[in-house]
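Peer 1: Spelled out from the first residue to the last, the chains are:
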Amino acid sequence: MSTLTALRPSAQRTGTSRATQPRREKGRLHPIVWVFAVLVMGFSLVPFYWLVSTSLKKGPSLGQGELFPSQPTLDNYLSVFGNGDFLLALRNSVIIAVVTTLVALVFASFAAYALARLKMRRKALVLTLVLSVTTFPAIAIAAPMFAIWREIGLYDTLLGLIIPKLTFALPLAIYTLTSFFRDIPRELEESAYVDGATPFQAFRRVILPLAIPGLATTAILVFISVWNEFLLAVTLTSSPAARPVPVAIAFFNGMSEFDVPLGRISAASVIVTIPLVVLVLICQKRIVAGMTAGAVKG
Amino acid sequence: MTAIRALVPERSRSTRDRAERRLAARMTAPSLILMALVAAVPIGYAIWLSLNQYSLRQAGLSRFVGLGNYIDALAGPDWWRAFGQTFLFAACSVSLEMVLGTGMAMLLNLAFRGRAFLRTVVLVPYAIITVVSAITWQTMFDPTTGFVPQILAAFHLPGAGVVWLGEQGYALAVIVMADVWKTTPFAALIILAGLQAISQETYEAAELDGANRWETFLHVTLPLLRPAIVLAAIFRTLDALRIFDLPFVLTHGANGTQSMSMLAYGQLNENRLVGQGSALSILTFLTVMIVSAVYIRFGGGNIRDIAREDHR
Numbered sequence: 001m002s003t004l005t006a007l008r009p010s011a012q013r014t015g016t017s018r019a020t021q022p023r024r025e026k027g028r029l030h031p032i033v034w035v036f037a038v039l040v041m042g043f044s045l046v047p048f049y050w051l052v053s054t055s056l057k058k059g060p061s062l063g064q065g066e067l068f069p070s071q072p073t074l075d076n077y078l079s080v081f082g083n084g085d086f087l088l089a090l091r092n093s094v095i096i097a098v099v100t101t102l103v104a105l106v107f108a109s110f111a112a113y114a115l116a117r118l119k120m121r122r123k124a125l126v127l128t129l130v131l132s133v134t135t136f137p138a139i140a141i142a143a144p145m146f147a148i149w150r151e152i153g154l155y156d157t158l159l160g161l162i163i164p165k166l167t168f169a170l171p172l173a174i175y176t177l178t179s180f181f182r183d184i185p186r187e188l189e190e191s192a193y194v195d196g197a198t199p200f201q202a203f204r205r206v207i208l209p210l211a212i213p214g215l216a217t218t219a220i221l222v223f224i225s226v227w228n229e230f231l232l233a234v235t236l237t238s239s240p241a242a243r244p245v246p247v248a249i250a251f252f253n254g255m256s257e258f259d260v261p262l263g264r265i266s267a268a269s270v271i272v273t274i275p276l277v278v279l280v281l282i283c284q285k286r287i288v289a290g291m292t293a294g295a296v297k298g
Numbered sequence: 001m002t003a004i005r006a007l008v009p010e011r012s013r014s015t016r017d018r019a020e021r022r023l024a025a026r027m028t029a030p031s032l033i034l035m036a037l038v039a040a041v042p043i044g045y046a047i048w049l050s051l052n053q054y055s056l057r058q059a060g061l062s063r064f065v066g067l068g069n070y071i072d073a074l075a076g077p078d079w080w081r082a083f084g085q086t087f088l089f090a091a092c093s094v095s096l097e098m099v100l101g102t103g104m105a106m107l108l109n110l111a112f113r114g115r116a117f118l119r120t121v122v123l124v125p126y127a128i129i130t131v132v133s134a135i136t137w138q139t140m141f142d143p144t145t146g147f148v149p150q151i152l153a154a155f156h157l158p159g160a161g162v163v164w165l166g167e168q169g170y171a172l173a174v175i176v177m178a179d180v181w182k183t184t185p186f187a188a189l190i191i192l193a194g195l196q197a198i199s200q201e202t203y204e205a206a207e208l209d210g211a212n213r214w215e216t217f218l219h220v221t222l223p224l225l226r227p228a229i230v231l232a233a234i235f236r237t238l239d240a241l242r243i244f245d246l247p248f249v250l251t252h253g254a255n256g257t258q259s260m261s262m263l264a265y266g267q268l269n270e271n272r273l274v275g276q277g278s279a280l281s282i283l284t285f286l287t288v289m290i291v292s293a294v295y296i297r298f299g300g301g302n303i304r305d306i307a308r309e310d311h312r
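Residue numbers (this note's numbering), protein chains in the order written: chain Y, 1 to 298; chain D, 1 to 312.
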């Protein structure tokens, strides 16, 4: 639990350590720190604001680089929602991300339990293998996969994308879940063992219910990474029927050098971004816990 | 575990151990088999493809050329250029991310009104698809539609009259900025976790010794943060060496932004040079593997920790 407690905002901590901690005692920030805080906020938000602002522009107003659109319009959004290919891409992305996340969670929670709790032969080797898959460059998989998928008919299908994406999602899920499982106190399982439970029963009845927050966190991280992935998606698809959002947007962008539909691309980008931004804002604490799970032992 | 072990007789304990090992094997098998099939088999196939030369005129015709494709790649300028440009990109973006990430972590560790808000705000870039972030930065720097050139011109700063993505150096700068924008929150959060693990007593001791804030940061905080920074740097370097989406959308590899993955992709998918492209993707694979092996050797404390736990 060390990592999680370390990450919890300082509600309890500031209360007790305020007197001993000079830097936290001051409610006001040093002006330089204040400037830095504003810069960090601007750096984080301005590009996103710019994207939204561009999506509200049309015609000549696009070419003026205005930070605030003088005649904001929702036309780009209407046009994007009327675009069949974009809606198809959205559907594809949702299916791919949801299925990959769910399957990865099931597979990974089994593996993570074994790695976190059970006696196991060559555990270090298994962990190293799992971690080394996270470092595989997708290009080394994508090219031969392209050839194999064409051979067996999985090229340009949703399943053909889910399988390799699952492979890259698994190590992330296993690694994050292993850290979460290891943080669950052993005493709870031990009492289950005393009651005669088998290790698998301990996993199902004790660990899994306690790990629901960890499972949710892992699900969010996996979902975002699958939603974001581009190289496999661009190599293994060729038609709108299987193309997910990032590829559709990239091709939308590169369609014509002279008539780049910038407003519409931005509107499409905002549409696929808003749900994720909302998810991240709501689950901020969870995501922070997941990203740093196992990373730093406090 | 030991408490339970003491309650069970010797014989059933060893049976239980065996059962536990069997269960562990069964529980890890699905993941391992899938990863072996989908990661190892294609890599093996890619190695085979890289040892052959495929005819462009007659599809399906190929001949075995051994290491010929590798020799061609290593003797020519393209691979080394992509190699150099990828490492330059990785060095620039990762070092910026570590400096900025440390600053951000220090900031988020301070108690002030609005900290919760700031913590949430810095995560916004993380939620944005890389392709979308590429398009955003592209339009921000566009000479006609973007606001950055206008602002630079208004303050007579350098870079005002430049087509950023069309110029060597400037193009790389935009890619680095887009990458730093999206991934610094991740670095900052890992470093923040490390920061919060430093005990108050350490700071108090430094204060008693009469150290000022800067000295405390330099001689107390930074050394203690090293493991967290190294870990963030490992994750980020391995990602940066595999960079693909940003150059794909922003420059398509032009103007000094050809990454190793982009080069291999171009040969495979655009030029249909299967043998040559496979050799390049295997070289990319080996490069990343070597870098991660070096990192795991010197910074892989976590893997060893988890493994050691087993020998309790």
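Be a bit skeptical, because a hint or two may be false.
What the hints assert, rightly or not - Just so you have them, the derived chain Y footprint on chain D, three or more residues with Cβ under 8 Å:
#, stretch
1, 110 to 124
2, 240 to 247
To be verified - One-sided and incomplete, this derived list gives chain Y residues near chain D with beta-carbon spacing under 10 Å:
#, residue
3, P31
4, F43
5, F81
6, V133
7, T167
8, R205
9, V206
10, E229
Said to hold, decoys possible - So the derived list for chain D, only partly shown, Cβ under 10 Å to chain Y, looks like this:
#, residue
11, I47
12, L51
13, Q53
14, S95
15, W137
16, F155
17, H156
18, G159
19, A160
20, V163
21, A178
22, L189
23, G277
24, T287
Hints in this document: simulated from the structure, not taken from any laboratory.
Everything numeric in this text was worked out from a predicted model, so none of it was measured.
For each residue, glycine too, the CB sits at the ideal point set by N, CA and C.
Peer 1: What hints, given by number in increasing order, does this structure fail?
Peer 2: 3, 5, 8, 9, 12, 13, 14, 16, 17, 18, 19 and 20
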